[in-house]
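The primary structure of each chain is shown beneath.
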Amino acid sequence: MASIPHAECAGTLLRVHRTNTAASKGGDVFVICGPERNRSRVAKCYSEQSSSNTKHSRPRLAAPHRAPLVWGPAAPPFESSRVLQRRNKLKALALSLALCGPERNRTPDLLSANEALYQLSYGPSFCARHSTLLVENEQDVCAQWQCHVAWLRCYTNGTMLRVLLSVAAFVLTGAALFFLYDYYDGQRVLLQSDHAYAVERLDTLIMIIVIVAFALVVSILIIVQLLIHTKKIAGMLAYSRTRDIAYSRELFRKFYELSPVPYLRIHANGVIKRPNKASLRMFGEDELTLIGKQLFELLVVPDEPDQLRFYRDQLQRGVPLEQKEVQVTLGNGERRWVLLSAEVLSEAHGPEGSDLLVTLVDIHEQKELERIKTEFLSLASHQLRAPLANLKWYIDFLLTRRSESLTQEISDYLQKMYRRNEEMIDLVNTLLNLSRVEMGRIKIEKKEADISELLRSVVEELEPAAHEKQIELDVQTPDTLMFDTDARLVRIVVQNLLTNAFRYTPKEGSVRVALVARGSEVIVSVADTGVGIPAAEQGRIFMKMYRATNARAIEANGNGIGLYMCKALVEAMGGTINFTSTVGKGTVFTVTLS
Amino acid sequence: MVLFVHMEGKTILIIDDDMAFSEMLSEILKDEGATVFLAHDGEEGVSAAEEIHPDLIMCDVMMPRKTGVEVLQTVRSSGWGEATPFLLLTNMNAPEALATIQQETAVYTDCLLKTDWTLDQIAAKLKEVLAGA
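Chains as they are written, first to last, in my numbering: chain E, 1 to 594; chain Z, 1001 to 1133.
One thing to keep in mind: the hints can contain errors.
What the hints assert, rightly or not - Non-contacting residues of chain Z with respect to chain E, defined by C-beta distances greater than 12 Å in every case (computed):
id: 1; residue: T1011
id: 2; residue: S1047
id: 3; residue: E1050
id: 4; residue: P1064
id: 5; residue: K1114
id: 6; residue: A1131
What the hints assert, rightly or not - If you want the footprint, here are the derived chain Z segments under chain E, 3+ residues with CB under 8 Å:
id: 7; segment: 1023 to 1034
id: 8; segment: 1074 to 1086
Don't read these hints as lab results, they were simulated from the structure.
Keep in mind that this is a model prediction, so the values were computed, not measured.
Note that CB positions come from ideal geometry on N, CA and C, so glycine has one too.
Kindly produce the complete structure, drawing on both the sequences and the hints.
Written out as structure tokens, the structure is:
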């Protein structure tokens, strides 16, 4: 801070001379301050003036993207012209440093501006301690004002109180003396002669005047002492308050700047105002390129172009945005998936409305992995199906068309092969359905279907498994129950629930399937007398790949996908799935379709 | 056991890049007395269809050079093939394939998932399709 240029205050226009002649080839620097409405007028006036005067090089004016550095708000009403002048001078110095910098070709240096302000306000020792603070916009001037306000308020309030107290004490002392005298005087007036009375009264009055004068002098001394003392206290208070503000601001700024989460402060109209380091890294751009860009022009919601407009409207109404998946276009044109959240900063009003705090959390890697995984699953399932289908048809062909030429042994083996192949097909279908659920590709095609018939056919299909374990099967369905639903998906759900019921019910247990219509809803329940789900694990039973510990212990087969998929499918159809379960007694799954 | 009935004299064109599958299917259909032609990609399938004007076309969906949907579109837009029974056989999930077809062509056709069908069922289906033609 060796070369702080000298500044002259000239109303709303400040002319700053640079002392360092080597660095002043560009001529004088003019800095425009004052209310927003005056800036452009003054700028225009100065640019005309400078173009008519060819001797001087064209003055440099604060460029639009440096707007935060051109101090905006008008002076608060309580400030005297002296304070105003001093404040403008500070601004001018800060700005001259910020715009020119101690070295040529230096970008606007916010740090220098800050240092200049604090140096001038509190001396080098304060500056040294808080040199990392950044002074950026009018809010920082507010901090300065706050300091002045604190000082003035403290000074005025405290002093006035003490002065009033002193005057009151003085008046009370005088009045008390006077009344005391008057009382004794009334007692003595009858006893004294006129002359002696007059002399004595004069003496007493002189004595009173002396005493009062003495009291006055003492009061004045007290007041002066108090004034000096109050000024000190006010100064200390203002200093500690400013230091607190400075500290919390520094803390906030460090959090903001150094946070690994990309933050952006934007204008209400979407123009980026202040990106943090993480967002600069993400965009791969420097501060000057990124500031001034329209954020909403960089965002894309694939497949739903109207969604972005909806988000904007929502923000304009002051409703915060939370974790919306959007794509953002980076400096190199690459698009990445981010979670967009935005909050209105109601305290920070710009000319176009409140500023917004935007966070962009990069979830691109996650999304990519998810996509690759589901695509792989889908492709793999598709490729796996081709040989399985061939195998199925060949075995089917041999068993049905060439049965006469097969020995019993070969025929048995072929049947085993057929069954194993069917299991494999089931597994592939499950995986494929899962990937479709996760890719959101499940299309709900509701059509009127007989749910009763559907339920009975699923039971019939799976009955052999029940017979094998001698499970008593009780099916209670109305004869027909027409319902508007996606029968294909309902079938998958019921198949899964029934398979689970048969799998986890011990020999000679029972499984009860019931179907009831209630209002506009249809309720399917599958109750078994199986092993049950341990209470501690009931919260996780619908999680993907999760199998209860007791289920794993009794049955190695099973992939933990069935219930996860049931829930996803039922919810996709707008229904609900619930269960009650007691270990050792059984489980009842209830699916409500609406 | 007789699975396929009244196939004699019928011309069936199978278009599928899965050689093993189409050859096996053709064996079965030939057994029933049908005349079977094979094509191994979409283009080949379209030219074969134009040449022989089959009674039934069974076609895969995902194929090189022309997809099953494109073959269907070509056949339907040709004069002779407007009413030719057309079955799509696929390893893709049927509902999506069907939805795509209906969206793109507005021509309805049955789309069967290969693994979902046994020979008995496919026989019934073929009978139904040929009877409807």
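Status of each hint after checking the structure:
1. T1011: At roughly 21 Å from the nearest Cβ of chain E, Z:T1011 sits farther out than 12 Å, so the non-interface label holds.
2. S1047: Answer for Z:S1047: holds, closest chain E Cβ roughly 25 Å.
3. E1050: Since the minimum Cβ distance to chain E is about 28 Å, Z:E1050 lies beyond 12 Å and the statement holds.
4. P1064: Label holds. Min Cβ-Cβ 14 Å, cutoff 12 Å.
5. K1114: Label violated. Min Cβ-Cβ 4 Å, cutoff 12 Å.
6. A1131: 21 Å, holds
7. 1023 to 1034: Coverage by chain E holds here, the residue count being 5 at a Cβ distance below 8 Å.
8. 1074 to 1086: violated (count 0)
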